[in-house]
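Chains as they are written, first to last, in our numbering: chain A, 1 to 485; chain B, 1 to 485; chain C, 1 to 485; chain D, 1 to 485.
Hints in this document: simulated from the structure, not taken from any laboratory. The reader is advised that the hints may include incorrect statements.
Note: identical chains are not told apart, hence a pair may lie in one copy or across any two.
[As the list claims (entries may be wrong)] Result set (DSBU-like, lysine-lysine): computed pairs, CA atoms no more than 35 Å apart in a straight line:
hint : residue 1 : residue 2
1    : 57        : 81
2    : 468       : 411
3    : 375       : 455
4    : 89        : 375
5    : 471       : 81
6    : 53        : 186
7    : 25        : 455
8    : 89        : 471
9    : 375       : 471
10   : 411       : 181
11   : 143       : 89
12   : 89        : 127
13   : 186       : 411
14   : 53        : 139
15   : 471       : 181
16   : 471       : 25
17   : 143       : 468
Protein chains: 4
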Amino acid sequence: MGIIDGTGYIDRLNRMGAVIWLDGKKVEGHISDHPSFQGVVRTIASLYDLQNKDDLKEQMTFLFPDQDEPVGLSYLHPKTKDDLIRRRKMIERWARHTHGIFGRSPDYMNTVIMSFASSAAFLKGMKNCFPEHIISLYKRAMKEDLSFAHAFITPQINRSQINLGFTEEALSAKVIERNEKGIVIKGARMLATLGGFTDEVLVYTAPRIFFDPNEAFAFSIPSNTEGLKFICRESFVGGKSTFNYPLSSRYEEMDSIVVFDNVLVPWENVFFYDNLEAATDFKLQSSFHPLAYHQVIIRQIEKTEFLLGVAQMLAETINVGEYQHVQEKISEIISGYETMKSLLAKSENDAELDDWGCMRPSLVPLKVAGTIFPKLYPRFAEIVQLIGASGLVTLPTENDFASPISPYLQKCLQGTDKSAVDRVKIFRLAWDLTMSSFGTRQIQYERYFFGDPVKMASNLYQDYPKEKSLKLISDFLHLEHVIEC
Amino acid sequence: MGIIDGTGYIDRLNRMGAVIWLDGKKVEGHISDHPSFQGVVRTIASLYDLQNKDDLKEQMTFLFPDQDEPVGLSYLHPKTKDDLIRRRKMIERWARHTHGIFGRSPDYMNTVIMSFASSAAFLKGMKNCFPEHIISLYKRAMKEDLSFAHAFITPQINRSQINLGFTEEALSAKVIERNEKGIVIKGARMLATLGGFTDEVLVYTAPRIFFDPNEAFAFSIPSNTEGLKFICRESFVGGKSTFNYPLSSRYEEMDSIVVFDNVLVPWENVFFYDNLEAATDFKLQSSFHPLAYHQVIIRQIEKTEFLLGVAQMLAETINVGEYQHVQEKISEIISGYETMKSLLAKSENDAELDDWGCMRPSLVPLKVAGTIFPKLYPRFAEIVQLIGASGLVTLPTENDFASPISPYLQKCLQGTDKSAVDRVKIFRLAWDLTMSSFGTRQIQYERYFFGDPVKMASNLYQDYPKEKSLKLISDFLHLEHVIEC
Amino acid sequence: MGIIDGTGYIDRLNRMGAVIWLDGKKVEGHISDHPSFQGVVRTIASLYDLQNKDDLKEQMTFLFPDQDEPVGLSYLHPKTKDDLIRRRKMIERWARHTHGIFGRSPDYMNTVIMSFASSAAFLKGMKNCFPEHIISLYKRAMKEDLSFAHAFITPQINRSQINLGFTEEALSAKVIERNEKGIVIKGARMLATLGGFTDEVLVYTAPRIFFDPNEAFAFSIPSNTEGLKFICRESFVGGKSTFNYPLSSRYEEMDSIVVFDNVLVPWENVFFYDNLEAATDFKLQSSFHPLAYHQVIIRQIEKTEFLLGVAQMLAETINVGEYQHVQEKISEIISGYETMKSLLAKSENDAELDDWGCMRPSLVPLKVAGTIFPKLYPRFAEIVQLIGASGLVTLPTENDFASPISPYLQKCLQGTDKSAVDRVKIFRLAWDLTMSSFGTRQIQYERYFFGDPVKMASNLYQDYPKEKSLKLISDFLHLEHVIEC
Amino acid sequence: MGIIDGTGYIDRLNRMGAVIWLDGKKVEGHISDHPSFQGVVRTIASLYDLQNKDDLKEQMTFLFPDQDEPVGLSYLHPKTKDDLIRRRKMIERWARHTHGIFGRSPDYMNTVIMSFASSAAFLKGMKNCFPEHIISLYKRAMKEDLSFAHAFITPQINRSQINLGFTEEALSAKVIERNEKGIVIKGARMLATLGGFTDEVLVYTAPRIFFDPNEAFAFSIPSNTEGLKFICRESFVGGKSTFNYPLSSRYEEMDSIVVFDNVLVPWENVFFYDNLEAATDFKLQSSFHPLAYHQVIIRQIEKTEFLLGVAQMLAETINVGEYQHVQEKISEIISGYETMKSLLAKSENDAELDDWGCMRPSLVPLKVAGTIFPKLYPRFAEIVQLIGASGLVTLPTENDFASPISPYLQKCLQGTDKSAVDRVKIFRLAWDLTMSSFGTRQIQYERYFFGDPVKMASNLYQDYPKEKSLKLISDFLHLEHVIEC
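Given these sequences and hints, build the entire structure.
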């Protein structure tokens with residue numbers, strides 16, 4: 001085997017039959033036919049199809065040593081800067097296909113799996129750690145072109161700093177038994193985007209200050225493992241019409257709560273368990289952060305370009321591009337777009353090999369990008385709203401244009417140099433991007449992609465090497481307290 | 001006759017049968033039964049019921065001279081500060097009933113009709129003006145407790161400053177014929193909120209720099225006048241469940257495009273026509289602005305208090321109230337709330353009688369409130385999103401809680417000191433307020449309530465009396481150029 | 001005795017001879033002749049002169065029961081809303097005399113003394129507390145029209161939350177001895193604005209979390225008490241020329257560090273000592289906050305009006321008032337000005353009698369004003385800079401206009417409709433207000449007037465009654481958890 | 001000849017004796033001894049000394065073809081990316097010497113002269129244009145290591161858009177005569193930073209919409225040309241003490257108005273005259289913008305690093321680095337610093353050869369940097385003020401520490417782990433950087449370096465290639481209106 005195509009993905013998904021609940025009902029039959037899910041399934045399928053296209057195959061795949069079949073390029077372990085650039089081009093291509101709006105294209109988790117595998121040696125010899133299971137997952141994933149969801153967050157019950165988070169009952173997923181077959185998990189984890197629409201789900205505990213050792217584990221299991229349930233939030237698919245809902249009809253990824261109802265995780269799927277140190281350090285020390293950030297920032301850049309297009313298209317449609325405040329607003333998007341691209345380029349130019357032979361993009365520029373985008377994106381969405389103004393409120397539907405009242409709409413909804421149909425398409429896109437339930441979920445998604453923005457800023461501050469700057473001051477002022485760096 | 005109750009309103013509405021189009025279909029049957037409209041109709045009905053409640057009747061109504069039946073108090077022409085305060089209390093009561101979210105409670109337009117009537121003398125003797133028609137509308141409206149929608153905006157086709165806006169064809173509504181019966185109107189006007197759900201629709205042209213005299217008119221006609229069509233935007237009712245959609249199931253007001261298909265407006269309904277000066281000056285010189293602002297600011301204050309409650313309730317639910325940045329964010333809402341209340345109080349304290357005996361609230365504090373609220377409200381919505389964070393994304397539905405998976409949700413979705421059901425209710429409210437299609441339309445609605453915020457700021461600057469401040473400088477510096485004031 | 005005039009103030013000051021150090025030198029001779037101090041001394045003197053003017057005497061003074069001589073009105077203990085308004089008008093008059101820029105006009109501390117006296121009963125019967133000393137100070141202050149400086153802050157050495165702040169040595173002022181004559185104080189306190197230019201200095205400890213009982217005291221002593229030293233910061237008087245330095249030549253108040261070198265505070269001057277509870281609660285429970293805020297907000301409103309004048313004068317001078325972004329910026333100042341005025345008015349309208357018969361302005365609107373002004377003022381200063389632009393950089397001096405090159409300047413520095421001299425006066429004022437060392441100290445002064453803005457926001461949040469808002473939500477959603485209020 | 005050293009610069013400057021007026025007096029004697037100018041002169045001299053240091057000579061100079069003597073590297077015409085990087089390192093070195101605070105180090109204008117020369121061919125054959133004079137100036141400048149000031153701005157008299165700017169009298173500098181020797185200039189130009197402290201002054205007219213052909217010229221003349229006068233603004237040197245005024249005592253560059261009192265500009269110094277097209281296009285088409293931006297952004301990056309050091313040093317001194325809001329503020333500086341560096345790197349990576357063989361850094365990232373820095377820098381200065389807080393107000397002087405009161409200051413002004421002297425040094429630096437008259441002029445300088453920020457944003461918007469983004473939308477929505485790019 002090797003890369004799959006869209007049909008392959010859909011068939012495997014329908015066969016798998018993960019337990020998915022939506023609006024109080026268990027999903028039955030083929031997921032790919034479900035009105036709330038067919039859009040996302042087809043979008044993923046279309047991504048897999050891209051890697052089979054003759055003119056893209058070389059860009060989208062690579063040959064793993066000693067293998068005959070090409071493998072999805074997001075699995076490529078980068079050993080040179082050229083590898084990094086190759087990865088970037090592949091990621092860009094997939095991101096462009098959905099304009100960066102489909103956050104969990106398979107390359108995201110492929111990258112995560114690859115980064116874990118590339119740093120697996122870190123876990124060697126540590127208690128209750130099985131680096132070899134990570135490697136074998138990586139190989140299996142490449143061979144079968146597996147897709148993954150993940151669940152890294154605990155339920156948001158009490159966010160107080162002084163909340164110890166220990167509970168008698170398993171609210172947050174915990175190991176409640178260890179036996180000869182594996183570990184048994186009970187409890188919930190949050191926000192598995194795409195949960196149930198992928199072959200497997202990767203679970204990794206996020207470190208907190210006060211931490212229950214029973215919550216220190218990581219593994220990947222098939223989505224149809226017994227006892228595993230995905231409870232979806234309400235669907236934000238507005239409807240089938242791509243005229244009315246150009247984005248939600250296609251890109252509604254769905255988020256779910258993952259419930260582990262005494263789920264047995266076989267030993268061969270476990271990366272580690274009962275090891276607080278591993279849980280805390282592996283993610284930090286591995287190439288996870290630089291490589292995952294790299295994928296995400298590339299996608300966000302594509303999205304920003306799309307947003308810039310929407311903003312400018314709106315401005316032209318109602319001819320407001322001459323206003324100084326409109327120019328200033330769109331130039332804000334331009335600045336953000338160019339800034340994100342520059343930070344990405346710098347991360348690649350300053351890439352360095354890590355101890356395990358992985359060419360890591362420089363983390364600081366990526367973290368800066370990851371710190372500013374959660375503020376930029378909501379502001380860009382606001383700019384789109386401010387340019388569209390009241391025009392974003394009264395928008396007719398596809399059916400309206402197919403009805404007897406269409407001629408009235410043709411007249412009063414035309415743009416400066418556009419037909420009413422084009423104008424409404426453009427405004428509905430702006431609305432679906434920033435004002436529909438789908439669009440606002442996107443805003444919240446980008447805002448919290450890497451976690452709490454307040455903590456991210458603190459983290460950037462704490463990790464940043466500040467000695468060189470301090471030394472400038474201490475030298476200039478001839479302080480008694482000399483700083484070395 | 002006099003005040004009506006909810007049943008009275010609904011019966012009249014169903015009998016009227018205005019021509020309303022939604023999603024390409026003409027609405028048939030009783031509006032009050034239509035799934036997209038029953039919420040709004042019931043909400044309006046419940047407002048009318050309030051004025052019939054024994055304990056509220058005195059607060060909600062007044063006796064018009066020489067009339068036996070009490071009249072809705074929003075029709076009260078204020079002649080003293082006490083009248084203003086009486087008006088404020090009535091408006092507050094209605095606003096509180098829908099937490100300020102239902103923007104077009106009948107008092108808004110009642111106030112407009114009353115303010116026009118109170119200043120009708122301004123039009124006396126002006127060409128093509130019929131102040132007596134305004135007075136008789138006011139009397140009729142009180143007598144029958146009429147409800148009104150309005151359409152003040154032209155289609156947003158070309159917003160360039162140098163666009164003359166003259167078109168051959170009637171895109172924007174125009175007078176195309178004047179005959180013995182009245183004027184004939186053809187073309188469209190935008191954004192009639194509640195269009196089709198009220199007894200009448202008031203049309204008034206908004207002045208632009210380059211202005212077609214055929215567009216200079218004002219009148220009010222029954223919503224079922226022949227040739228009048230209301231084309232609705234897509235409905236933002238999420239569904240019937242008040243658990244899932246606590247706001248949109250009740251308060252979705254609907255906006256529509258009003259099409260005039262050769263509509264004959266009888267002379268007795270016309271306020272003026274073919275008079276650019278009247279169109280420009282009447283709204284500015286009448287008590288329209290101070291009294292309409294007064295109503296709106298009162299409603300926005302109620303809404304702000306509700307938002308403050310939502311923000312604080314979220315913070316308590318997940319126990320984040322200890323964080324300095326959360327405290328700072330909520331204190332922003334507190335500051336905004338207290339500021340709005342102070343500006344309102346000042347407008348009442350500084351009220352003055354106008355030339356026609358109307359006690360006008362002071363306009364400057366109201367304009368300041370109207371200038372800052374379009375920035376405050378989106379920021380407050382953002383604060384709600386920032387406090388709710390990822391918890392606003394994965395929200396189950398009423399059906400989920402009635403299904404076999406409910407026990408899982410009961411556990412993992414509980415709040416710090418709240419049940420999962422309470423927590424989900426609170427988060428769904430926050431979501432419906434700021435992230436559903438209904439919620440984002442509310443944001444856009446408040447942003448543009450009084451028009452383009454950029455122009456409002458310019459307008460505040462231009463109209464503000466700056467001489468006293470300038471004189472401070474000229475005196476202090478002993479400038480040659482002496483300023484008098 | 002009773003009110004003094006300017007000469008009386010200056011004579012007493014010169015006679016007193018407090019120990020003041022400036023730039024490494026002890027100030028010798030008459031303070032009123034010192035180049036760094038003559039401006040501030042004359043400004044204070046001119047304030048005292050105002051209360052002796054025939055046409056102002058009634059506005060500026062009152063008759064204390066059983067006294068023949070009029071007393072400065074800032075000493076008036078308000079018992080009715082009319083008293084509050086009378087106080088406001090007096091404070092306004094003094095503030096307008098220096099355009100709100102002179103922060104420590106005597107009414108500020110007079111108000112503090114009066115508020116302490118009006119609430120002195122709070123301390124009755126508490127250990128180590130002498131409410132009668134406060135009362136007698138109040139009477140003496142009125143009788144002799146005393147002026148006061150104050151020092152409420154500890155040195156900023158370690159601001160960490162976990163810093164206990166206990167030190168072996170007396171860094172921060174402490175009681176080091178209690179004997180029959182009084183308490184002996186050693187150590188420093190910060191930021192005595194006007195320190196050394198007033199008859200007395202009031203010292204009050206600000207509560208911290210970890211708190212040394214030796215630091216829990218309050219008293220007032222003459223500025224020339226033995227062992228008391230005022231160490232000035234660098235003077236920000238730009239020079240004598242009011243053309244060049246229209247503000248710093250007049251209003252440079254000076255801040256100083258107060259050093260207590262084994263200063264004996266006689267018992268009759270002590271308000272309390274060795275009482276943590278008194279130190280923490282008296283300021284909070286007394287009418288100090290509402291009445292001090294009231295005075296400050298009145299002054300800040302006058303200052304804002306002056307700033308509005310400067311901004312508008314700049315805009316007119318170089319004819320940029322037509323630009324939308326300039327209009328928006330000045331309308332920001334207008335909004336801030338009107339907001340501050342409304343909050344003040346509301347605090348007066350909602351005033352209530354406290355337990356000791358003092359008519360307290362409502363604290364919430366004042367706290368909101370005190371929370372927003374530290375953000376508004378720096379923004380307003382920035383707006384002045386943004387309107388003045390590069391014109392604020394190349395400004396000639398009074399001497400330039402008296403020199404042979406004056407004709408060149410007359411030409412190239414003229415304004416749109418102003419002479420070069422007027423234009424330069426205006427720009428120099430804008431510069432001195434926002435860009436000179438004097439101006440930036442003003443910005444920092446307003447930013448931190450009531451303390452750390454971050455803490456003020458937290459404090460507003462914590463003290464604000466939020467139950468009513470919460471109940472709106474709990475009622476609307478029918479939560480299990482019912483909220484009462 | 002070739003590079004000069006500090007002594008060479010000072011000697012030439014003192015010999016030259018340009019006509020400089022300060023505070024109504026003509027400067028007499030050696031400029032290098034003048035208390036207001038000795039700091040800036042020594043700083044420039046120290047820069048020239050750097051290029052003579054053995055270990056830096058290679059980095060700071062290059063050999064111009066067919067010349068024996070090394071030439072200052074800022075004159076290097078970049079033909080490859082390596083040349084650009086070589087330029088960057090040289091510019092960095094000089095900028096670091098003054099921490100980016102000295103805005104007009106000689107490399108700025110050297111770069112301008114070189115960029116004009118590299119594009120001189122553009123003017124070939126155009127009427128009244130003398131490209132050969134630019135080339136010969138470039139060669140002379142290199143040979144003699146000349147320094148330049150420049151004056152590009154017209155007096156700010158009337159900024160209205162509809163002000164035609166034509167005046168009878170020569171307010172703005174104009175050609176009033178053309179004769180056999182050259183052109184005669186009369187009138188003023190603004191903001192010649194360093195005016196009078198350089199060998200020559202370059203004058204170039206900035207295009208406006210309505211433009212007098214008599215104002216369309218460019219030339220360079222010696223600073224001591226007859227009739228040329230530099231009228232300085234007030235000096236912002238706080239004093240001689242580097243303890244008190246660490247920055248202004250060294251880096252006060254001075255700005256002046258340049259008056260042309262019938263100044264004859266010999267033909268060989270004229271680049272062009274009476275040619276509106278040349279005046280408008282040459283600056284735009286030449287490599288001026290990319291290369292000047294390149295120099296400026298490099299300097300601003302060094303300055304940002306210094307500012308980061310100051311902010312962090314303050315935070316450590318009073319131990320506030322643990323506060324989340326302090327971390328967020330400093331992380332803002334970090335993000336800005338990394339963003340500026342990334343944009344610079346991208347401009348170099350994407351550099352391309354122009355038509356005349358010059359390797360131009362990519363302009364878009366540089367323009368973005370130039371658009372955001374005017375907002376970043378004032379914000380960073382504000383952050384420094386917010387961290388220093390009240391500690392920035394009460395700062396003693398060098399003399400205080402040398403006086404009998406020093407022991408008191410030693411105690412109460414110490415930092416968490418720093419002596420009082422170190423702490424005061426650090427706070428005085430923060431003050432001089434952001435709050436002294438010198439510091440605020442720096443803020444205004446960075447804000448307006450490239451012109452009006454509002455216009456810069458508009459300009460970025462207008463010049464930016466938006467077609468690619470628009471096409472994304474038109475393709476996605478299948479618009480009738482197809483966009484090609």
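- Item | Numbers of the earlier hints that this structure fails to satisfy, in rising order | Violated hints: 6, 7, 12, 15, 17; rest satisfied.
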